[in-house]
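Trainee: Sequence order for the protein chains is Z, Y, U and P.
When the first sequence is numbered by my numbering, its final residue is 237 and no position is left out of the sequence of numbers.
When the second sequence is numbered by my numbering, its final residue is 237 and no position is left out of the sequence of numbers.
When the third sequence is numbered by my numbering, its final residue is 237 and no position is left out of the sequence of numbers.
When the fourth sequence is numbered by my numbering, its final residue is 237 and no position is left out of the sequence of numbers.
Treat the hints as calculated values from the structure; they're not laboratory data.
In this text the structure is predicted, and so the values were computed from the model without any measurement.
Any given hint could be a false lead.
Claimed, not checked - The calculated PhoX-like cross-link candidates involving lysine-lysine, where the alpha carbons are at most 25 angstroms apart (straight line), are:
#	chain 1	residue 1	chain 2	residue 2
1	Z	K135	P	K119
2	Z	K119	P	K135
3	Z	K106	Y	K106
4	Y	K119	U	K135
5	P	K106	U	K106
6	U	K119	Y	K135
Protein chains: 4
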Amino acid sequence: MSTRVIVWGEFLQEKSQPEVAAIYPDGMHETIAAALRREPDFTVDTACLGQPEHGMSRERLAATDVLVWWGHRAHAEIPDEIVDRLQGRVLEGMGLIVLHSGHYSKIFTRLMGTSCSLKWRVSGDRERLWNTAPKHPITAGIGDHFDLPAEEMYGEPFDVPAPDEVIFISWFSGGEVFRSGATWQRGRGRVFYFRPGHETHPTYHDANVQRVIANAIRWAGPDATRRPRRSRPAFHG
Amino acid sequence: MSTRVIVWGEFLQEKSQPEVAAIYPDGMHETIAAALRREPDFTVDTACLGQPEHGMSRERLAATDVLVWWGHRAHAEIPDEIVDRLQGRVLEGMGLIVLHSGHYSKIFTRLMGTSCSLKWRVSGDRERLWNTAPKHPITAGIGDHFDLPAEEMYGEPFDVPAPDEVIFISWFSGGEVFRSGATWQRGRGRVFYFRPGHETHPTYHDANVQRVIANAIRWAGPDATRRPRRSRPAFHG
Amino acid sequence: MSTRVIVWGEFLQEKSQPEVAAIYPDGMHETIAAALRREPDFTVDTACLGQPEHGMSRERLAATDVLVWWGHRAHAEIPDEIVDRLQGRVLEGMGLIVLHSGHYSKIFTRLMGTSCSLKWRVSGDRERLWNTAPKHPITAGIGDHFDLPAEEMYGEPFDVPAPDEVIFISWFSGGEVFRSGATWQRGRGRVFYFRPGHETHPTYHDANVQRVIANAIRWAGPDATRRPRRSRPAFHG
Amino acid sequence: MSTRVIVWGEFLQEKSQPEVAAIYPDGMHETIAAALRREPDFTVDTACLGQPEHGMSRERLAATDVLVWWGHRAHAEIPDEIVDRLQGRVLEGMGLIVLHSGHYSKIFTRLMGTSCSLKWRVSGDRERLWNTAPKHPITAGIGDHFDLPAEEMYGEPFDVPAPDEVIFISWFSGGEVFRSGATWQRGRGRVFYFRPGHETHPTYHDANVQRVIANAIRWAGPDATRRPRRSRPAFHG
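Could you build all of it, start to finish, from the sequences and the hints given here?
Mentor: Here is the structure:
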């Protein structure tokens, strides 16, 4: 059974900023989705700001296992009733992967209960992500670290509740650190925040970043170990 | 320096239900506050639903170190802008002690990000609270357990984020268990949820319950260890 | 690929106490193993105290994914060099399921770093295990609680480090509670402690208990989501 | 009532390596102790390898509230019965502050249950410690970060159980990160690991490092909030 994924993108700066369009001509969500479509166990769709109900209708969400969210400029445009709906689905068990500037999205701050503020600097720093959870499903196939040659800096303190698990800690060439991958359980839903992905850098074309997102979807999706298994008949039991 | 405490009570059922009025003639908040006023290091005030701004003006909150909250019937009557204000103060460092049916208050669900639902039964069960954090400041002076002869039952699952610390687990004579005392850090603020206190039982007259609330206020209040200390002059150093 | 399981049992009281032999004629480990052998994805073997190297040779452990451990009277008879070996394998990634009186085994106290003491009473109490992690792989197929008609009582405080996850909390008819299912990561290995299983009760014949142990083995074993997946060829990547 | 502190130092390299002696002529433990002696609420003593019972007699430990430990070359020389004794005192409530290369001390690995391995490089890297717990007692008086101009590098992964709290994350100029300050509760005792302090650098002369150690002693010592308080007489109770 396939894991049903929606990648949600704001899709604003790709249309208004030529340097973003040059990297993501069809939008960041389509670049992310294209990588995920190569995974045989996923069914991948996309949604954007400005679509009817911003692409988040009740019917669609009911048929979604994991939602991937990238937003930046237009967090305030998502109406509270859609945020209620998203939160309801997470508490019921839908996985949620929040990317980069999505730390300030309404759905993420709603689920965290804190400001989710952080330090930042648009700088083109070199970022090195250290794997602090080498046995975790989210780091499958990832070595002890990987580098992104240029990224926006995000620094501590990151005002979130203590994560259940810290998966990556980033080092920035300018002198900062950040808990760049972290998990939280909310109701029956699993939430993963993953830091990289500033719109002016080709981060979502990076193979390691793509792999982490795919791994996180598997981790947050319907649990394979919970699916019914056929047992041999039990004559003695 | 005194810890400035406000005890907030809905103060509805004490006026409309004679069996509640018999136990708490001046309101539950006044019973709780009277016990706290015997602590030499606290300055204690009360506030109620229906006062101007429900007793939660910006000025008052700015001068409050720890807020104790009991609500039940009228959670929906607290306007969102007051909830924003309360959340802001917690993130800045105000302590928050949420009692009993306050699990469904807007401020608690806001800070948790989950439904905060639980099982319940108005039953007069015997409740035994087991101390699962014997070295924690909140259990100072509390033995390995204490009993309440009759209480409403609250049972697991309790839909909250994994607590930072589980302080008490309750046993109910009807067969349930509940994480009855639990802590969460949110921003710079400390949050403690404490289960007991159904309005038809004299729970806030109980010495152990009073002691736990006082301990929790000290734990959530301005940290004594952070206050400046005078040092001896450092000739060699 | 099959998960390779060893069930280790002390196998002493089954030979010396007729009331234990009546319930577990071939030993508790064989009853546990028989249930696990019905799972199509497991290869199950057993080992006992008194075998060469107590059945825990370097070669065997190297070929084991998950070890299930029941001990009671003879913890002290396991030499420290075998405990070193077990610990080494857990830190490398072998799963470990510790049952009941195994809380005092050398390998469990070694991995915890604490005394692992608890309250207890041989009583035939009714035990009700509440599921406090309804979405966790270990509770797959388990409802919100299940009962054991008669068990030894274990009560809090349980002197272990704060668990990563509390999976079950037990209620006992005599008035106690206990964190009966709990997880800890140690190195690359996952550890699950599961309380039930006093030797004079038929607990390991119980279908829910068997299911929890099987689920825990899947959770602690090689992670299915980490196995290599074949991807469609990536023309655009 | 004073908090009774012992600072334990190996005191070997200060005698055999001139470059260490130049920085710490009386030993690192005496430099650390001298700073702590300026705190009016501490009574500070020191102990060293090679003293009778390595300075850790039963009587002395019974009269110690917090033990600070620096070791490097001679971990293996501490006999297991002294480690048992130290562990016993921590479980009873003695605080333990483990410094730098003490991550491999017998008492720390005993309490952790893991290998406590990490990456390292003797390099004179610049180290920047980021404060990830701005409200924690251990960071009182510490800003959002502080720098050490030259230190040995320690890098992730650090093979310890998930800390209860991560207090500092270090950035190293060579490209690594490390959880440099972390806490764990073990029994009734509080444990703090603090990374800085390579013997060839003047780290324990640094005012921020001294302050963190003093703060950690207060946090790990007898809890001020648990001391009996005199209450006003309760006429109405």
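Trainee: For every hint, state whether the structure bears it out.
Mentor: Consistency of the hints with the structure:
no.	hint	in the structure
1	Z:K135 <-> P:K119	17 angstroms, holds
2	Z:K119 <-> P:K135	17 angstroms, holds
3	Z:K106 <-> Y:K106	17 angstroms, holds
4	Y:K119 <-> U:K135	17 angstroms, holds
5	P:K106 <-> U:K106	17 angstroms, holds
6	U:K119 <-> Y:K135	17 angstroms, holds
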